[in-house]
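If you're matching them up, the sequences are chains A and B in order. For what it's worth, the numbering used here labels the leading residue of the first sequence as 712, then goes sequentially. For what it's worth, the numbering used here labels the leading residue of the second sequence as 8, then goes sequentially.
Keep in mind that the hints were calculated from the coordinates and are not lab data. Using N, Cα and C, we set each Cβ at its ideal position, and we do this for glycine too. Hints may be right or wrong, so weigh each one.
[As the list claims (entries may be wrong)] Pairwise CB distance ranges, derived in the manner of DEER restraints:
hint : chain 1 : residue 1 : chain 2 : residue 2 : range
1    : B       : Ala-324   : A       : Ile-713   : 50 to 60 Å
2    : B       : Leu-391   : A       : Ile-713   : 26 to 36 Å
3    : B       : Ala-294   : A       : Ala-743   : 36 to 46 Å
4    : B       : Ser-328   : A       : Trp-721   : 18 to 28 Å
5    : A       : Gly-756   : B       : Asp-301   : 20 to 30 Å
6    : A       : Leu-763   : B       : Pro-247   : 21 to 31 Å
7    : B       : Pro-259   : A       : Glu-734   : 51 to 61 Å
8    : A       : Leu-763   : B       : Asp-106   : 43 to 53 Å
If you want the building blocks of each chain, they are given just below.
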Amino acid sequence: MIDDASLAAWCDAMAALLDLPIERGDRAEILANLRLIARQIGLVGDVALDDLAEPAPVFRA
Amino acid sequence: MSLTLDVLRAAARDIAAAVSSGQMSARAVTAAALGHVDARNPQLNAFTDITRARALAKAAAIDAGHAPRGALAGVPYAVKNLYDVAGVVTRAGSKINRDNAAAATDAFVVEKLEAAGAVLLGALDMDEYAYGFTGENVHDGDSRNPHDPRHMTGGSSGGSAGAVASGMVAFALGSDTNGSIRVPASLCGLFGLKPTYGRLSRRGVFPFVASLDHVGVLARSAGDLALAYDAMQGRDSGDPAQAAREAEHVLPLLSQGATGLRIAVAGDYFRRSGRPECFAAVDAVAAALGATRDVVVPSAAAARAAAFVITAAEGAAFHLSRLRQRPQDFDAAVRDRLFAGAMIPAEAVLRAQKLRAWFRGRINALFEEVDIVLTPATPCRAPLSGQKTIEIDGADVPVRANLGLYTQPISFIGLPALTVPLWTPGEHLPIGVQIIGPPWREDLILRVAHELERKGVAHAPVAP
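Just chain A, same shape as in the assembly:
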């Protein structure tokens, strides 16, 4: 589980790197969404996948 301080630091760093004007939004809501996303990433990670598993094809030549 990611702690709130780490998530807030991630949010601010990513906003600076991506030039996202998060001050025009609601930082508390953004952090709440990041917490939700972190939980979803954790659920995805619960499934053991082989290192060589291929991602879904999203491009065809």
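Dock chain B against chain A, hints included.
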């Protein structure tokens, strides 16, 4: 020429037959439908744009023999406002897109419907940029459920559901990335079809998550779904995700019914986190079909989570320039979710895409053993408009995050899926059951839906 058919309740096929035979004029049908839009739309807020002049011109052309009297001759329909309609700005539920020029041409599937003789009445309300399950929109107002306007339509194709359930049109186009056709179909008591990913061209449809976006249709019968779906099929080099398959028409197959199909009810994930009425609806459908088998869709929670991650990341990437330049012009709830989505690490997105391929393999194996899987379409009936939480298993859970609980794992791997509407005696709001088939077998899910209609289990009355 006088009206001999109640065009506000009639099936599309009956309207087309009446117009094609000369029993009714397309002009009379169109005028009646536009009159109903004028009467009902102020309360229901389904339409954002009414293409009156275009509709009347098309109807006159049909009557004069200058436009085709095809399978949808004179049938009134409308499209979610993310479809390009020539001369109309494709707003996609947003404030920002209103500054764009009007579309120069129709979307591919709109062209196909026009060629079949259908008459477009306008464009329909939706959640901003299709990122929502409620049908609520801060710019255009919330779409209202015709069966009780105090309640939400569901979304994001909320206006599409409202227009069909109120009888303003015979069918409407929606789009479905995570459940945006199947959810409002459930909440508004309609049949709603999301075909296989890559089946129908999305050219001229404003994207949300390109790797998950589908176009589809809502109607008041399985037959009308099949009629519109068949008309929209066709190869189009303009959508790079469209599969290299020829049209496979389903309407002639509906009468085959469900006999002989191996039908199962999904357990585990799909029997949790819902209100009792959603499971009762699945049981009623299973009983009507004689389905006694249960199956487990493996890792459905992880699949839903992966769909969530891909949606957030890909949606944010698509909107990044708008987020930087006009953050104040987004719906705040959409903006803050997109901000968060932009910050997802690449490894998490790639892992979600790997899970997608893995999950598809597991489900393909499941479909070696069964032909159809039944699940709830939504965990509850339509909440009140503006309602933030629903009570499930004694706990209050967020409406917005949970309406797509049962649809997201299915669209995640592009399976064809369809909502059928059920009504419980004493209840004035419907609830839907999701019928899922293997890839490219829209015929099977439509046959089952048609069978349920024939047995009187599923039906979609026009709201009084």
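Hint by hint, here is what the structure shows:
1. As the Cβ distance of B:Ala-324 to A:Ile-713 is approximately 22 Å, the hint placing it in 50 to 60 Å is violated.
2. Separated by about 34 Å at the C-beta atoms, B:Leu-391 and A:Ile-713 satisfy the suggested range of 26 to 36 Å.
3. One distance hint, 36 to 46 Å for the beta-carbon pair B:Ala-294 and A:Ala-743, holds here, with the actual separation near 42 Å.
4. For the pair B:Ser-328 and A:Trp-721, the beta carbons lie near 22 Å from each other, so the given range of 18 to 28 Å is met.
5. Between A:Gly-756 and B:Asp-301 the beta carbons are some 28 Å apart, a value that agrees with the proposed interval 20 to 30 Å.
6. Take A:Leu-763 and B:Pro-247: their Cβ atoms lie about 27 Å apart, and the range 21 to 31 Å holds.
7. The beta-carbon spacing between B:Pro-259 and A:Glu-734, approximately 59 Å, falls within the hinted interval of 51 to 61 Å.
8. Taking the beta carbon of each, A:Leu-763 and B:Asp-106 are about 47 Å apart, inside 43 to 53 Å as hinted.
Consistency with the previously given hints fails for number 1 only.
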